[in-house]
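Here are the chains, one letter per residue:
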Amino acid sequence: MKQGPKIKQIHGEYPEFTWAAILVGWGIGIVLTVSVAYASLMLGFAIEGSELAAILGWGILRGILRRTSIVENNINQTIASAVNGASSGIMFSVPALLILSKEEQFSALANINQPLLILAAGTGCILGLCFVIPLRKQMIDFDRLAYPGGIAVATILKSPGAGVRKALLLLGGVAIAAICQIIVLTQLDSDQYALGAQVGLPPMLNITLYVSIMTIGVGYLSGKGGFWFGAGGFICYFVLSPLLSQFGAADVAALTPDPNAMRVNLYRPTGIGMLVGAAIGGIIGALPMIMSALNSLRGAADRSSGDVAVKDEMPIQLLYWMIGLGSLIMICIAWLVGGGQVSFGHTLLMTLLGVAWIWIAGVIVAECVGRTNWSPLSGMTLIAVTILIFAIKDSTDTVTTIRVAMLVGAAVCLAVSQASDMMLDLKSGYLVGGIPRRQQIAQFIGTWLGPVIVVWLMMLLHTTKEGGMGSPELPAPQAEALATTIQTIVSGEVPAYRYTAGGGLGLMLALSGLGGIGVLVGLGFYMPFGIVLTYTIGNVLRVLSDVGLGKRFGYEIGVPIAAGLIVGEALVNVGDAVIKIFWPAPAAESSALLSNFLALWV
Amino acid sequence: MQQVTLTICGQILLWLGFLGGAFASVQYTEVAEAPWQTIPWGVYAGSVLVGTAGVVCLRREKAIRQSLSGSSEHGFESVKQSLQIANEKIGQLQSTLSGMSCEEVLEFIDNECVPPINEFADGRAVISNRFGTSTYAAVMTEFASGERYLNRAWSAAADGYVDEVERSVSHSRVFFAAAIDQLKQA
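As given, the protein sequences belong to chains A and B, one line each in that order.
For the first sequence, my numbering assigns the number 494 to the initial residue and increments by one for each residue that follows.
For the second sequence, my numbering assigns the number 1470 to the initial residue and increments by one for each residue that follows.
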């Protein structure tokens, strides 16, 4: 090849899976994990680390280490986000034990066996990965799901070679989103804009926009494929709520003017059931495709491209062995944590149900993230904990039930979180031409580290902060909610009837043959309508741009801008979380700090 | 005509059944003393039955559509042609690579190779309609590997790794040729 005007030619191996990528990935992963885990405890939300890891990796690998490889940075972000995957998985679940232990009858829950917890969490991560890796072919190669977050990461990774125009579009998107988000954080009282109330529409219609330009970007990247997600929300608030206000029971009719109460009490549990039913229906419907994907993985050596195809994929038999071994380890851990209080039969039943749930929830979350970028992780964890508690509830005392179920539940939560992160990273890997096997190994290399850091950090904060977990110093809002839910589950007050009804509806939609509709409509029931509405704006913009300006405009101009919108808002949210943690008391000061930053930027 | 009737009936029945079932699912707040009686299961079951009738109509219509689209030469030929054009373009890239700079490779991939690949991807459903899932899986396995290696060639060109560009373009060509073979064998 001849030398061009700008790009300097390099001969030799293309760096991909290198020590630099591993070490930088671990380094960025540790920093991200500590920050995000702490933010999860203080604020109640987690931050997806892939985009940030790609940008930081870009700066460190290219800027400082002078390394120039897109696929090497892809391995770096895969490892960093794998480490960070433990943040939300553990911080949203395990602190619930510490919060519950403040009540006298649950005080024994404070004695957490940390090595076993780390082992369980690590095993959960590995099980989640082993279950989801074989689905790569079906979801990315065959179904070509969008994975908007994966597109955003790939756009960042490719920006050095994408030319000035695309880089400017990406940066333009970042700037627009950053400015908008700073305005939202500093100038608006809330990120919800009650448009319906402004124009005098009935409150039951719930026309409240989630003011997030990132959400518009996500909707744009999902395109018309995300339409049914919006439809789910519209069915709830434009069809069911008006019908219920007229023909529903009196107490439900009285509830309709309060959309949040409607969602929490009625639509959300039905939506969770629909997600599960749709996933089961989806698995049944996609079984021939899944079998073809597995056969293709098994028969890689027989393909005309033989050697290359074999080297691209992890051996499927190895994954089967790891699932078997992981399941055995989980059984042993549950048995040990039960301390002989739970019979072996019940331990076995509970663990096998937990492992089976990892597969089903992994499919649900991977598909939801692939089609919409949203993961119903909390709903999946809730169902996992419910199943696990019910599996052993009658065989032992309440404290042991909660302790064992929460440990296995945390493992399930981590598994599901890792599964969605893996699929997202594999999508960005596909777009930059990464080798799947190397990325999968990179995920395994990163995944064990997260639980070690997060468990250590959690116990450190619990013992050093005044009042420990659940105190004003360390509010842990998500874990607080889970602790309340666990008490409800233990007392038997679970809306299982609504899950069941939703499950039947989800199954019916999934079997209709309209691709992915059950999961999307279920997710529309589950998510706040504000997010659904804003997301739908993105869908509509993509359809309009495809029809009016052509599909090429979408790929060339729309996608980099939309990816920039995701990155820009994510970065400002990270900055905001840092400010809130280090300057927590006077909200006005942090607001002023952001305002000054905005003024400086403008 | 039969197709249109089945689609309309299927959609109406499916959504009537779904809405009826969803309404029944959220019609009442929890009956404290007997939670499972919260849902009027008779109404719910009736609605699901109506929805299932819709599912049957839609699946019947899909089967007819698949057999028609499978036998329609136009859609299939257009998809097959996109794949062939993509393969030819990659072949052209491979044969002229020695005289190209990395910047020219990037431009060639973006402007010449990506459009037919996107066209094939957009119309790929016709393959499963015509030949079933196992042929679809076999073709898409090769196609996706080919596209991924072309993406890798793009990344390598952007970074200046010329040996990797040549290797990846060559791999991509092998996979695209294999995808065409799979279609021919079907």
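Honestly, I wouldn't trust all of these hints.
To be verified - In silico lysine to aspartate or glutamate, DMTMM-like type, Cα no more than 20 Å apart, as pairs: (1) B:Lys1549 to B:Asp1650; (2) A:Lys595 to A:Asp890; (3) A:Lys1073 to A:Glu966; (4) A:Lys659 to A:Glu966; (5) A:Lys501 to B:Glu1635; (6) A:Lys659 to A:Asp1039; (7) A:Lys1044 to B:Asp1579; (8) A:Lys659 to B:Glu1581; (9) A:Lys495 to B:Asp1632; (10) A:Lys495 to B:Glu1588; (11) A:Lys717 to A:Glu596; (12) A:Lys499 to B:Glu1588; (13) B:Lys1549 to B:Glu1576; (14) A:Lys717 to A:Glu1049; (15) B:Lys1531 to B:Asp1591; (16) A:Lys1073 to A:Asp682; (17) A:Lys501 to B:Asp1632; (18) A:Lys659 to B:Asp1632; (19) A:Lys804 to A:Asp1039; (20) B:Lys1549 to A:Asp1039; (21) A:Lys804 to B:Asp1632; (22) A:Lys495 to B:Glu1635; (23) B:Lys1653 to B:Glu1588; (24) A:Lys659 to B:Asp1591; (25) B:Lys1531 to A:Asp636; (26) A:Lys495 to A:Glu506; (27) A:Lys804 to B:Glu1635; (28) A:Lys499 to B:Glu1576.
Hints are computed from structural coordinates only; laboratory data are not their basis.
Outcome of the hint check:
Annotation: proposed proximity of Lys1549 (chain B) to Asp1650 (chain B) holds, straight-line Cα distance about 11 Å (limit 20 Å). With a CA separation close to 18 Å, the supplied pair Lys595 (chain A) and Asp890 (chain A) stays within the 20 Å bound. A C-alpha spacing of about 13 Å is found between Lys1073 (chain A) and Glu966 (chain A), which places the hinted pair at or below 20 Å, so the restraint holds. This hinted pair does not check out: Lys659 (chain A) and Glu966 (chain A) have alpha carbons roughly 45 Å apart, beyond 20 Å.
Distance check on the hinted pair: Lys501 (chain A) and Glu1635 (chain B) sit about 16 Å apart at the alpha-carbon level, within 20 Å; holds. Among the hinted pairs, Lys659 (chain A) with Asp1039 (chain A) is consistent with the structure: their alpha-carbon atoms are about 18 Å apart, no more than 20 Å. Proximity of Lys1044 (chain A) to Asp1579 (chain B) is assessed by CA-CA distance (about 14 Å); at most 20 Å being required, the pair is judged to hold. Among the hinted pairs, Lys659 (chain A) with Glu1581 (chain B) is consistent with the structure: their alpha-carbon atoms are about 18 Å apart, no more than 20 Å.
Distance check on the hinted pair: Lys495 (chain A) and Asp1632 (chain B) sit about 12 Å apart at the alpha-carbon level, within 20 Å; holds. Among the hinted pairs, Lys495 (chain A) with Glu1588 (chain B) is inconsistent with the structure: their alpha-carbon atoms are about 31 Å apart, more than 20 Å. Simply put, Lys717 (chain A) and Glu596 (chain A) have alpha-carbon atoms about 50 Å apart, too far for the 20 Å limit, and the pair is violated. Of the supplied pair hints, the one linking Lys499 (chain A) and Glu1588 (chain B) is violated, its CA atoms being roughly 31 Å apart against a limit of 20 Å.
Note on Lys1549 (chain B) and Glu1576 (chain B): the hinted pairing is violated, with a Cα-Cα distance of about 24 Å set against a maximum of 20 Å. Between Lys717 (chain A) and Glu1049 (chain A) the alpha-carbon distance is near 18 Å, which keeps this suggested pair within the 20 Å criterion. In summary, the hint linking Lys1531 (chain B) to Asp1591 (chain B) is supported, as the alpha carbons are separated by about 18 Å, within the 20 Å threshold. Simply put, Lys1073 (chain A) and Asp682 (chain A) have alpha-carbon atoms about 16 Å apart, close enough for the 20 Å limit, and the pair holds.
Of the supplied pair hints, the one linking Lys501 (chain A) and Asp1632 (chain B) holds, its CA atoms being roughly 13 Å apart against a limit of 20 Å. Restraint check for Lys659 (chain A) and Asp1632 (chain B): not satisfied, since their Cα atoms lie roughly 26 Å apart, outside the 20 Å limit. A threshold of 20 Å between alpha carbons decides the hint, and for Lys804 (chain A) with Asp1039 (chain A) the separation of about 38 Å lies outside it, so the pair is violated. This hinted pair does not check out: Lys1549 (chain B) and Asp1039 (chain A) have alpha carbons roughly 23 Å apart, beyond 20 Å.
Among the hinted pairs, Lys804 (chain A) with Asp1632 (chain B) is consistent with the structure: their alpha-carbon atoms are about 19 Å apart, no more than 20 Å. For the given pair, Lys495 (chain A) sits about 13 Å from Glu1635 (chain B) by alpha-carbon distance, which is consistent with the 20 Å threshold. Between Lys1653 (chain B) and Glu1588 (chain B) the alpha-carbon distance is near 19 Å, which keeps this suggested pair within the 20 Å criterion. For the suggested pair Lys659 (chain A) and Asp1591 (chain B), the alpha carbons sit about 23 Å apart, so the restraint of at most 20 Å is broken.
For the suggested pair Lys1531 (chain B) and Asp636 (chain A), the alpha carbons sit about 18 Å apart, so the restraint of at most 20 Å is met. With a C-alpha separation of about 18 Å, the suggested pairing of Lys495 (chain A) with Glu506 (chain A) holds against the 20 Å cut-off. Note on Lys804 (chain A) and Glu1635 (chain B): the hinted pairing holds, with a Cα-Cα distance of about 18 Å set against a maximum of 20 Å. Among the hinted pairs, Lys499 (chain A) with Glu1576 (chain B) is consistent with the structure: their alpha-carbon atoms are about 13 Å apart, no more than 20 Å.
When the structure is compared with the earlier hints, violations turn up for hints 4, 10, 11, 12, 13, 18, 19, 20 and 24 and for no others.
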